[in-house]
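Enquirer: With chain A held as given, fit chain B with the ligand onto it using these hints.
Protein sequences, first through last, are from chains A and B.
Note that the working numbering has the first sequence beginning at 1, numbered continuously upward.
Note that the working numbering has the second sequence beginning at 1, numbered continuously upward.
Derived by calculation from the structure, the hints in this document are not laboratory data.
Fair warning: this is a prediction, and the values are worked out from it, not measured in the lab.
All C-beta atoms, glycine included, are put in the ideal place defined by N, C-alpha and C.
One should not assume that every hint holds.
What the hints assert, rightly or not - Which bits of chain B does chain A cover? Going by a derived footprint, with three or more residues having C-beta under 8 Å, they are:
| hint | segment |
| --- | --- |
| 1 | 5-17 |
| 2 | 211-217 |
| 3 | 248-257 |
| 4 | 282-293 |
| 5 | 299-309 |
Stated by the list, open to error - With the C-beta cut set under 10 Å, the calculated list includes, among others, these residues of chain B facing chain A:
| hint | residue |
| --- | --- |
| 6 | 2 |
| 7 | 269 |
| 8 | 277 |
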Amino acid sequence: MKLRFESSVEEFRQEFLAWLADNRPTAEEMAADPAVSSAHCPEWAKRWTKRLFDAGWLVPGWPPERGGRNAGAHETLVYLEEMSRSGVPRTTNPQGLGIVVPSLLDYGTPDQIERYAMPLLHGEITACLGMSEPDAGSDLANLKTRAVRDGDTFVLNGQKVWTSGANYADFCFLFCRTDPDVPKHKGISIILLPMDTPGVTVRPLNEIVHPQHPDLNEVFLTDVVVPAANLVGKLNDGWAMANGSLAHERGMVWLMSVIDMEMGMQQMLELAPSILEALPEQERAVAADDVVRCYIESHAVRCLGYRGFARLVKGGSAPEQALMKLFASASRQRLARVAAEMRGPDALESKPQRSRRVGTLEDYFGIFGSTISAGSSEIQRNIIAEKVLGLPRG
Amino acid sequence: MDLELSDDQQMLRDNIRTVLTGACPPSLVRAVHEGTSDGAELWHQVVDLGWPALGIREEAGGVGLGFVEVALLAEELGRAAAPGPLLATISQFVPVLEEFDCIDLLAEVAEGRRSGSLAVAEGSSWGLHSISTVAEVTADGARITGRKDAVLAGSQVDSFAVVARDRTSGQLGVYLVERSAATVIPTGALEPTLGLADVVFDGAPAVVLAAAGVEAALERVLQQATTAMTLHIIGACRRVFELTLDYAKIRVQYDRVIGSFQALKHRFADMYLMVEKANALGYFAAVAIAENDPRRAEASHMAKATAGECQRLLVEDGLQLHGGIGYTWENDLHFWLKRAKAGELLCGSSLHHRSQLAAALGLISEVNV
Ligand SMILES: Cc1cc2nc3c(=O)[nH]c(=O)nc-3n(C[C@H](O)[C@H](O)[C@H](O)COP(=O)(O)OP(=O)(O)OC[C@H]3O[C@@H](n4cnc5c(N)ncnc54)[C@H](O)[C@@H]3O)c2cc1C
Numbered sequence: 001m002k003l004r005f006e007s008s009v010e011e012f013r014q015e016f017l018a019w020l021a022d023n024r025p026t027a028e029e030m031a032a033d034p035a036v037s038s039a040h041c042p043e044w045a046k047r048w049t050k051r052l053f054d055a056g057w058l059v060p061g062w063p064p065e066r067g068g069r070n071a072g073a074h075e076t077l078v079y080l081e082e083m084s085r086s087g088v089p090r091t092t093n094p095q096g097l098g099i100v101v102p103s104l105l106d107y108g109t110p111d112q113i114e115r116y117a118m119p120l121l122h123g124e125i126t127a128c129l130g131m132s133e134p135d136a137g138s139d140l141a142n143l144k145t146r147a148v149r150d151g152d153t154f155v156l157n158g159q160k161v162w163t164s165g166a167n168y169a170d171f172c173f174l175f176c177r178t179d180p181d182v183p184k185h186k187g188i189s190i191i192l193l194p195m196d197t198p199g200v201t202v203r204p205l206n207e208i209v210h211p212q213h214p215d216l217n218e219v220f221l222t223d224v225v226v227p228a229a230n231l232v233g234k235l236n237d238g239w240a241m242a243n244g245s246l247a248h249e250r251g252m253v254w255l256m257s258v259i260d261m262e263m264g265m266q267q268m269l270e271l272a273p274s275i276l277e278a279l280p281e282q283e284r285a286v287a288a289d290d291v292v293r294c295y296i297e298s299h300a301v302r303c304l305g306y307r308g309f310a311r312l313v314k315g316g317s318a319p320e321q322a323l324m325k326l327f328a329s330a331s332r333q334r335l336a337r338v339a340a341e342m343r344g345p346d347a348l349e350s351k352p353q354r355s356r357r358v359g360t361l362e363d364y365f366g367i368f369g370s371t372i373s374a375g376s377s378e379i380q381r382n383i384i385a386e387k388v389l390g391l392p393r394g
Numbered sequence: 001m002d003l004e005l006s007d008d009q010q011m012l013r014d015n016i017r018t019v020l021t022g023a024c025p026p027s028l029v030r031a032v033h034e035g036t037s038d039g040a041e042l043w044h045q046v047v048d049l050g051w052p053a054l055g056i057r058e059e060a061g062g063v064g065l066g067f068v069e070v071a072l073l074a075e076e077l078g079r080a081a082a083p084g085p086l087l088a089t090i091s092q093f094v095p096v097l098e099e100f101d102c103i104d105l106l107a108e109v110a111e112g113r114r115s116g117s118l119a120v121a122e123g124s125s126w127g128l129h130s131i132s133t134v135a136e137v138t139a140d141g142a143r144i145t146g147r148k149d150a151v152l153a154g155s156q157v158d159s160f161a162v163v164a165r166d167r168t169s170g171q172l173g174v175y176l177v178e179r180s181a182a183t184v185i186p187t188g189a190l191e192p193t194l195g196l197a198d199v200v201f202d203g204a205p206a207v208v209l210a211a212a213g214v215e216a217a218l219e220r221v222l223q224q225a226t227t228a229m230t231l232h233i234i235g236a237c238r239r240v241f242e243l244t245l246d247y248a249k250i251r252v253q254y255d256r257v258i259g260s261f262q263a264l265k266h267r268f269a270d271m272y273l274m275v276e277k278a279n280a281l282g283y284f285a286a287v288a289i290a291e292n293d294p295r296r297a298e299a300s301h302m303a304k305a306t307a308g309e310c311q312r313l314l315v316e317d318g319l320q321l322h323g324g325i326g327y328t329w330e331n332d333l334h335f336w337l338k339r340a341k342a343g344e345l346l347c348g349s350s351l352h353h354r355s356q357l358a359a360a361l362g363l364i365s366e367v368n369v
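Excised from the complex, chain A in its bound form (with noise of 0.2 Å):
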């Protein structure tokens, strides 16, 4: 146990900065062109992206061809820390670079690598994750959108819905079913689907904030026709990689929920004084206790997740990871209602740009996104239940 990194580690922080500091994106640049969904790429993004991947800090991670620097565990977790509290979004893309690009790149042909995964890589195209769908939502393993063989190409028919993006992804890692007549788990497959292929109509679903910029979508699939050579893996191999594409994602999101919650709590620590100031003097000790718990629950996220973390680069299993998804978006949301609702009618601001004001409504019902999608808190308790405490199914 210690509090600190090695110096070696630190070192890689600072040249990280140092880069950083050089080369982002500037707030005029990124205010007059906002990214307006999770697949929308602007030029200064994709300009920046390229700038990543060109000096091998896209995915440190992975050898430079790929946009790293063979980086360790230790090395990609401080240049999260570092991008994550620099205001700067590493990606506009976070499915396409997080989820989608790891899973072509463990998964893909070297042809899907070169015309899917690099693209994406490089800026110049973004991707959608076509997983939920009406009758398939929680329980994923339901889907029923068809991919038929015919010939050397797949015929699609279906649905699906809460498609993050899908407005302006350039292509979907679409999960539909190749062999209905398995066990469920048993015949579903991943396929590529470029989205201007003919009989897709994508139709976005405004959510209950920020409704004129639409981030949700329900995508209509009727007989599009991919080439057979979209398949990713094997043939119904699909529900494996599923489990393989969601380890990815939560790899990922753990150390940006820990950071979200700091630099929220940070702001709340920032509006409190004056908000306490101005309440009467018999609620400002019970208002400020909820602040306190916040205060408590922030580090909890941290040192949860980093023990978490350390357990992983041990090579042991982290339970960690099902309680971090459970623990920090319940945490966010708890930050974010006691901050609005401590800060009175003024919460009910509404501002037309995306963001995640601490004190505002809009953050607060903006934080249900974590806790329902990516395996909602009761799926990821039913997790914990059963695959990590043993407890028997039923």
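Expert: Below, chain B with the ligand alone, put in the same frame as chain A:
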């Protein structure tokens, strides 16, 4: 930041756990609860193993391990609901002696010839501001007059490190008083294994350990005592968790084990999260103390506050999910329920520690306790 136990620490933990499984079985805890044993044999065993010397500097015959290892031992003692003066000695008495370089006394502790506890709290306060016990300096030491409340292992230790105010200068100092020179009134009858006692000093002869300028050192001692108690509570909570989980896997109702009901599964997930997060914060505080990091005060407040939340949930759900059997004296569960609850009331409640944090964050004005 690395909050995972090193291989050596893990080995130490396993070793302690194995020893305590044999030396401190529930039957021993029961015997102390039922008044048929005073747990003395456990103390003799841990002395033979050199455990009191764990955190004592080598120069005084100690093992010279850091505070993380002390915290580990405190946690395991909680897990075993161990009776006796070891927790007080390693987490309260030794830190005082270390702070004030009392080499001879440390050597006595290391050899197992002396146990001790910190006598600081008056009333329900845990802090240095409202101390009214006084010390009168004499030709050969001092005489102490006053009353200390809920001293950990007060009826079990050989000696007390008493925090008292010099009658003339008003300065806080630390004084060593033998238990035989004080009137010890056992309290906390619901959890007798902790040996809690109110201790009354009526001109008790004392050795001066430090007569003035002790505040900063004592704050560090309080942080150690608090953090050890934090881990101790968490150890007890983890035991409650394990007992409850085991029970949920075998108790059948409605033709299925109760652990298969989702309503209970989710409560287990929440309990597990609670124990793990309290544990992570507890060791954050322990490392901050071990490394003398500037965050040590804040970290120990956060950890104790979270241990408080942890014991609430684990005591309530642990007892509730056992059903009627957990409500009986014959079942062992209550040893850990009571230990966890008692821990909340010692070394400052979670309310106390949260209010300290609120003040430190500038959210409320300074609280003087
Ligand atoms: C912001 C956001 C972005 C998203 N992005 C994507 C994306 O890019 N691609 C994609 O494919 N999907 C995406 N999703 C979909 C997301 O993965 C699903 O919403 C999620 O899996 C839950 O499915 P559902 O909405 O159908 O809810 P349901 O599964 O119907 O759940 C409804 C409620 O029932 C509970 N529940 C369900 N099953 C159980 C159970 N077994 N035990 C206990 N409780 C249960 C749930 O926890 C929830 O509270 C996104 C969702 C959100 C909110």
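Enquirer: Could you run down the list of hints and mark each one as holding or not?
Expert: Evaluated hints:
no.	hint	result
1	5-17	holds (count 3)
2	211-217	violated (count 0)
3	248-257	holds (count 4)
4	282-293	holds (count 8)
5	299-309	holds (count 4)
6	2	5 Å, holds
7	269	4 Å, holds
8	277	4 Å, holds
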